[in-house]
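Model the full structure from these sequences, guided by the hints.
Each chain, letter by letter, is given below.
There are 2 protein chains.
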Amino acid sequence: MKRWADGFIAVDWGTTNRRAYLIEKGGQSSAEFEDGKGILSVGRGEFEAAIAEIRERLGEWPMLLAGMVGSNRGWVEAPYVPCPASGEDLARALVRIGDDVAIVPGVSLGDGRPDVMRGEEVQLVGAIASGQIPRDCLVCHPGTHNKWVRVRNGRIESFRTVMTGELFSMLKKRSILSDLLARRVTPREAFREGVARGLSGAGITSQLFEVRAGFLLGQIDPADGASRVSGLLIGEDIRVGLAEKPGARVIVMGRPELTSLYSSALEVAGIESESLDGEGAFIAGARNIVEQIQ
Amino acid sequence: MKRWADGFIAVDWGTTNRRAYLIEKGGQSSAEFEDGKGILSVGRGEFEAAIAEIRERLGEWPMLLAGMVGSNRGWVEAPYVPCPASGEDLARALVRIGDDVAIVPGVSLGDGRPDVMRGEEVQLVGAIASGQIPRDCLVCHPGTHNKWVRVRNGRIESFRTVMTGELFSMLKKRSILSDLLARRVTPREAFREGVARGLSGAGITSQLFEVRAGFLLGQIDPADGASRVSGLLIGEDIRVGLAEKPGARVIVMGRPELTSLYSSALEVAGIESESLDGEGAFIAGARNIVEQIQ
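Which chain is which? The protein sequence lines are A and B, in order.
Numbering follows the numbering used here, in which position 159 of the first sequence is assigned residue number 156; successive positions increment by one, without gaps.
Numbering follows the numbering used here, in which position 2 of the second sequence is assigned residue number -1; successive positions increment by one, without gaps.
If you're looking for bench data, these hints aren't it; they were derived computationally from the structure.
No copy is singled out in the list; a pair is fine if it fits within one copy or between any two copies.
35 Å max Cα-Cα, derived DSBU-like pairs, lysine-lysine:
| # | residue 1 | residue 2 |
| --- | --- | --- |
| 1 | LYS(-1) | LYS22 |
| 2 | LYS34 | LYS170 |
| 3 | LYS34 | LYS(-1) |
| 4 | LYS22 | LYS34 |
Put into structure tokens, the structure is as follows:
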């Protein structure tokens, strides 16, 4: 087994997918792969084998695991670090499995409003440590559960989760709107109209049904259904998220196909934004945490 | 076949269930049954047989059909009557199939905000015609798709649909919250807290995740999950619905297990309400419409 100082494998291990990167000393990722072996497809007692399989592909390196693998449904639970949380706080709270595996804890918000994150914290720490984002800013991290994160003094000060991705996916799979949600979402007119309506706060649980009714009454083109519904949900999401730090410029971090939708929606809201690729931030965050192990 | 003037069978025929009532001259319902043969379980070309089966059970009477049976997924489409709509408007727009079957049209809202209803209109017309509700009032009709209905001059003036029931059911079946939603909803403390939060308008798509996070952080008893989530959704529902006629007393009409939850939630909102059984209103509405056929 090689030493942490020479390099390591970082795994972003989620519920349905995992993505592994080999990060050698001083470099960016030199090899990587993604597959569908999220934690839900790995049974109890099968994580050792799942780890061995990653090493077969990328080599006998130490491993840093982040995401749902550290949840109570994952391999070994890594208890949440409370806000405000820095990269040092995360490194101190790593859960070690032998010498060569470390699991990154999630971050929690406790006082008054409960909230949790797992996985996004590595990207945030990376973006802060590498100077890609200011030490005081508002970050939007779209995904199944979008996170609005208030960064202050270079730490995760507070955050708020919005279930936008999961709701869209549920509506698409089996709801009165399913028929209308098959097409691809594009950030054009129907999307922008949806965003404007969602931003109004008039009530997403009612506005969603308007799409169905508008279709039945011949007022809405079914080809626009997915874009309109996505716009509504993202508009509501932004309305909620901006309450974290009103009037702020927003950094949208994550997968480019999602960050571009959120940037378009923020434009409708009259808010400036900049996009940041979540993958680079993840690698930077993993490096930052591992540097503190040695 | 008997004559409409001597009596008829009224069917409230929804997506997943149907309920049929024999209503003889001058009386209330003298026989009835409910089963799971909603329109989704009746194939194209099988409605005649489904009708014959009802007559086998209740007798050879003319039939008035209401609900999704008149939708584009039902037997014969009965086009929507636009608001404002009265019982007379519905009777004029009945779709006749031979002499002995009539399908009640739905009601639509067109200008600006599209909305549709199918089935609830019979109950509304019945409650108005029988004097069970004032000719000017705000009615809340809980269900898969809750309807907030503004009644004015004895007509359905406008209305708004909120997808509360469907969203709760989706969240229960398969979501990050499913585990927490298995128990029965009771209108106690957790429900009332949920209602208060939903009423705030801070964003249901975020507040729903708080229940999951609160559970993970040991702040929320999982036994309260269903009540808390139901409260959140109904609180948001009421926030949206009251915008139809702010400050009004509300008549909650429908199935008692749902009207009691909405009444409790309206109490949290500081709004007076009274409950009305939807079944009696349906029978009164069917009688009112049939009287105009003869």
